[in-house]
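Dock chains G and U against the given chain W, drawing on the hints supplied.
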Amino acid sequence: MPIDTGSPEKIHGPLLRVRALEKKYWARRGAFRRRVPLLAASKVSFEIPHGKTLAIVGSSGSGKSTVARCVARIEKPDSGEIWIKDRQVAQASGKELMSLRPDVQLVFQDPSTSMNARFSAVQTIEEPLLLQHRGSSEERRTRVAELMKEVALQPEWMDRGVSEFSGGQKQRIAIARALALKPKLLILDEAFTGLDLSTQAQIGNLLLELQAAHTLTYLLIAHDLTLVSRMADFIAVMSNGEIVEQGIAQEVLASPVHAQTRALISAAQGLRSISATQPSS
Amino acid sequence: MRPKAWIVVLSALLAALHLAILAAGFIAPYDAASQNRDLSYAPPTHVHLRDASGWHLPFVYRWIPDPDGYREDTSTRYPIHFFTRGEAHKILWIFPSNLHLFGVDEPGRILIAGADSFGRDEFSRLLYGGQISLAVGLLATFITLAAATVVGTVAGYFGKWADEFLMALGELFLCLPWFYFLVGARAFLPLHVSAAGTFLLLIIVIGIIGWARPARLIRGIVLSARNRNYVLAARGFGGSNFYLLRRHILPETFAILLTQAALLIPQYVAAEATLSFFGLGVSEPVPSWGNMLSALQQYNVLVSYFWLLAPAAALVITSVMYWLLADVLHHWIQSHSIN
Amino acid sequence: MTYVLQRLLRSILLLLGVSLLCFLFTEMAPGSFFDEMRLNPQISPETIATLRSQYGMNRPLAVRYSRWLVSAIRGDFGYSVAYNAPVAPLLWTRAKNTLLLTLTATFLTWLIGVPLGLLTASARGKFADKVATPVSCFLLSVPEIVLAVGLLALVVRWRVVPVGGMMSLGFEDLSLWEKIRDIAVHMLLPVSILVLGGVAIIERHVRASVIEVLDTPYIQAARGLGIGRVRLLFRHVLPVAANPAISLFGFSIAALLGGSLVVEVVTGWPGLGPLILDATMSRDLYVVIGAVLLSAVFMIAGNLIADLMLLASDPRIRAGESNAT
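Residue numbers (the working numbering), protein chains in the order written: chain W, 1 to 281; chain G, 1 to 339; chain U, 1 to 325.
Worth flagging that the hints you see were computed from the coordinates, not collected in a lab. Certain hints may be false.
Cut-off 30 angstroms, straight-line C-alpha distance, at most; resulting in silico cross-link-like pairs (DSSO-like, lysine-lysine) [said to hold, decoys possible]:
| no. | chain 1 | residue 1 | chain 2 | residue 2 |
| --- | --- | --- | --- | --- |
| 1 | U | K126 | G | K4 |
| 2 | U | K126 | U | K179 |
| 3 | U | K130 | G | K4 |
| 4 | W | K24 | G | K160 |
| 5 | W | K95 | G | K160 |
| 6 | W | K76 | G | K160 |
Computed from the model, here is a short list of chain G residues facing chain U with C-beta under 7 angstroms [to be verified]:
| no. | residue |
| --- | --- |
| 7 | L17 |
| 8 | F165 |
| 9 | C175 |
| 10 | F179 |
| 11 | G184 |
| 12 | A270 |
| 13 | A273 |
| 14 | F277 |
| 15 | L296 |
| 16 | A312 |
| 17 | V320 |
C-beta atoms are modelled at their ideal positions from N, C-alpha and C, and glycine is treated no differently.
Just chain W, same shape as in the assembly (with noise of 0.2 angstroms):
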């Protein structure tokens, strides 16, 4: 069941809202190697409120990654609004965009690939504080420290390098650099996926404390359904690049409408019979 925050800031209007976003990509099909644009998004509305968690969820090549990349401002939508509190980010560009980073951050599917494996702890978790101009060295280390400590890591670690920890380990670091700069919406793209399941569980206590600690918004993409219905509040239905169903999470989730959720539901029903009738691990 999602926290109740009960936050005592008085905000009005959701944090993020998008409407009518779209993004096309470009391949090459047939014998004349012709462009041709696929559609990755299409008509995706929605809005998170403060301090809530909204999922998106779909099969591969539905399109959820792609909402999360635009969102995060990784890749530019080709037409549509996002709006951050109450700044436009779509179509930004140059500076303002500089000024708009820091509230949005990505928390990337694997670790590994998500850090260089070159860097040390500290070298990856301060890289938005060095690139956003934030205090000198030592005040960064400081800085590191705090983040760690709150993602439960220690802090004499901080000078060992990324690739000497394990994978749940390594998310946690992730995590760490993502709040590095305070955001206002954290944008978790299959964050869980590659972690063993006990593992999960902890990362997903570990965002839920910290969502409660400093009212983060989380935007979440995920395929499984199981997690999702633990950490949500709201659920959005992907499939072929459009919103097919979307509302509260507890709802959804009891009485799908739509084909696909259906079909996504059973799945994770079907993997849940499974794990009921395993050994535990």
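Showing chains G and U alone in chain W's frame:
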């Protein structure tokens, strides 16, 4: 031996070789140009430890002309002195000195590798010649790899038109017959240039021809590094192109640059040697391993005076060591990247 | 089919590009054949001017290039100022000699190198491999000039074969069989030098690619199924290991004209190598361009053939054609 051990050993040996050649003025007993008509084609001096009167410290005899060539003049012994004073030379081309590693008193002459047609000490010329040949190899390699890095980075990072254009240009260069083009390119530059001019010309011509293959490799690395998540993340934090290239992408190219260097240096040294052998490179009286070998184009020299093959031996040693290093580096890098 | 056409088009464009590059290079050349002539007091300036206009050297660059290109397509490669003869026949005679040498050498190289590579790959770590590997590595790393001069020195000392040139004196008086024998004997040295260097390369490559295939799980599985060694080799290993070999083959073709310059000059074989060297010394413009272009043709053709052979042999490339992703 484990790969890392090989790398250390080979690097140390190569470093020693380069240092020795750099210190040519000190190690060589004579100047590269000092002639001695009495010692034309003299064979290598024998080092003796004893004579009729018993054991001595190492010494040599003078060569005296003889109907069959040369014979030793056993009347006078010339002991080998170490750290002795001899002909003037310059350390690192700046500091004048006349200290030499070893030598014998005049009129004795210690010819470790014999003498050439002008009676010049082959060993000394070998060391001085090595300076030229290795310098050309190293500098030309630097030019090639610098050009390849720039081209590969621009093509791989900025993509699209730059990439297409540069790779097409590269393919053009790749289908040029390398050596014909080298010879031809040398042709269309003034034949009679000063020694320094030839030197520079050689370096530029050799260096410019080979950029295409390493550029393609670097482009591949830059291209794959560009799309890695941590680069995207750094961009998301506000990293500029320059920062991303410097901090994340270019370090990935170091390994391959090293291997390419180990492959190219011996090829370029051989290229200089070949050009000089044909008279298109460094010319007399400046020695280089190539133009020293051209003396062997004469039949009688080839047959009778085998010590003049010394530059060939030097070329082989240098090439084999570099090639082994490149091979070991290649395997080490491959096994590293699997992890 | 489109792939074939694409590659063909690209090859033609490459050829044009190479010719342009060569031509541009000559433009940047300070000094020309005529500078040397100008220094000669016996030749009057008028003669030089006449010669220049005869050879068309006083027209603008674009005009010269297009005229040259048009005539080149028709088979006329310009005029040699040193030999005072058209370039094309000159090139062709020499090219034939070079091809005789390189074709023989390439054939022998592959004949010896491929089985050797297979042998050392299957006898990995055993005696044959332990001996062959350092020898190969040594031959590979030795520069061609050293190999050529070294072998020449050996042969000359022991007077095993005649050295220099392609034919002995009085060649015309020999019978056909004796003529063949004479040329063959003269070819021994240059071919040996080429083969020594080439076999090392082929052996290393074949060995590496066969070992790579032998280590794949699917071959281990085939072995486990009890498929015999010979059948395994020919039906399973070779087709997969063939790809890098095909590329190498393309490279061999590419080097047919350009790869033997050093050997030819050192052993005195009258091929394209010595010609381009002399032309370089005497700044004979059109001969140099013609020779470079001719060998570039072979290089481009070699790459094209290799690409087409790869297309024919590797089903993955053909499949990629129709799925165009």
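Evaluated hints:
1. Annotation: proposed proximity of U:K126 to G:K4 holds, straight-line Cα distance about 24 angstroms (limit 30 angstroms).
2. Annotation: proposed proximity of U:K126 to U:K179 is violated, straight-line Cα distance about 45 angstroms (limit 30 angstroms).
3. For the hint pairing U:K130 with G:K4, the CA-to-CA distance comes to about 21 angstroms; that is within 30 angstroms, so the pair holds.
4. Between W:K24 and G:K160 the alpha-carbon distance is near 18 angstroms, which keeps this suggested pair within the 30 angstroms criterion.
5. At roughly 26 angstroms between alpha-carbon atoms, W:K95 and G:K160 fall within 30 angstroms of each other, so this suggested pair holds.
6. Distance check on the hinted pair: W:K76 and G:K160 sit about 18 angstroms apart at the alpha-carbon level, within 30 angstroms; holds.
7. Of the supplied interface hints, the one on G:L17 is violated, with its beta-carbon coming no nearer than about 15 angstroms to a beta-carbon of chain U, more than 7 angstroms.
8. At its closest, the beta carbon of G:F165 sits 12 angstroms from a beta carbon of chain U; the interface hint therefore is violated under the 7 angstroms criterion.
9. With 7 angstroms as the threshold, the beta carbon of G:C175 comes within range of chain U, its nearest partner Cβ sitting at about 4 angstroms, so the hint holds.
10. A hinted interface residue such as G:F179 counts as satisfied when its beta carbon comes closer than 7 angstroms to some beta carbon of chain U; here the least separation is about 5 angstroms, so the hint holds.
11. A least Cβ separation of about 5 angstroms between G:G184 and chain U falls short of the 7 angstroms threshold, and the interface hint therefore holds.
12. With its C-beta approaching chain U no nearer than about 3 angstroms, G:A270 sits inside the 7 angstroms limit, and its interface hint holds.
13. Among the interface hints, the one on G:A273 holds; its C-beta lies about 6 angstroms from the nearest C-beta in chain U, closer than the 7 angstroms criterion.
14. Interface hint at G:F277: satisfied, since its Cβ lies 6 angstroms from the closest Cβ of chain U, which is below the 7 angstroms cut-off.
15. A cut of 7 angstroms between beta carbons decides the hint on G:L296: the least distance to chain U is about 6 angstroms, and the hint holds.
16. Taking 7 angstroms as the C-beta contact cut-off toward chain U, the hint placing G:A312 at the interface holds, the least distance being around 5 angstroms.
17. About 5 angstroms separates the beta-carbon of G:V320 from the nearest beta-carbon of chain U, less than 7 angstroms, and the hint is met.
Hint compliance for this structure: hints 2, 7, 8 are not met, and every other hint is.
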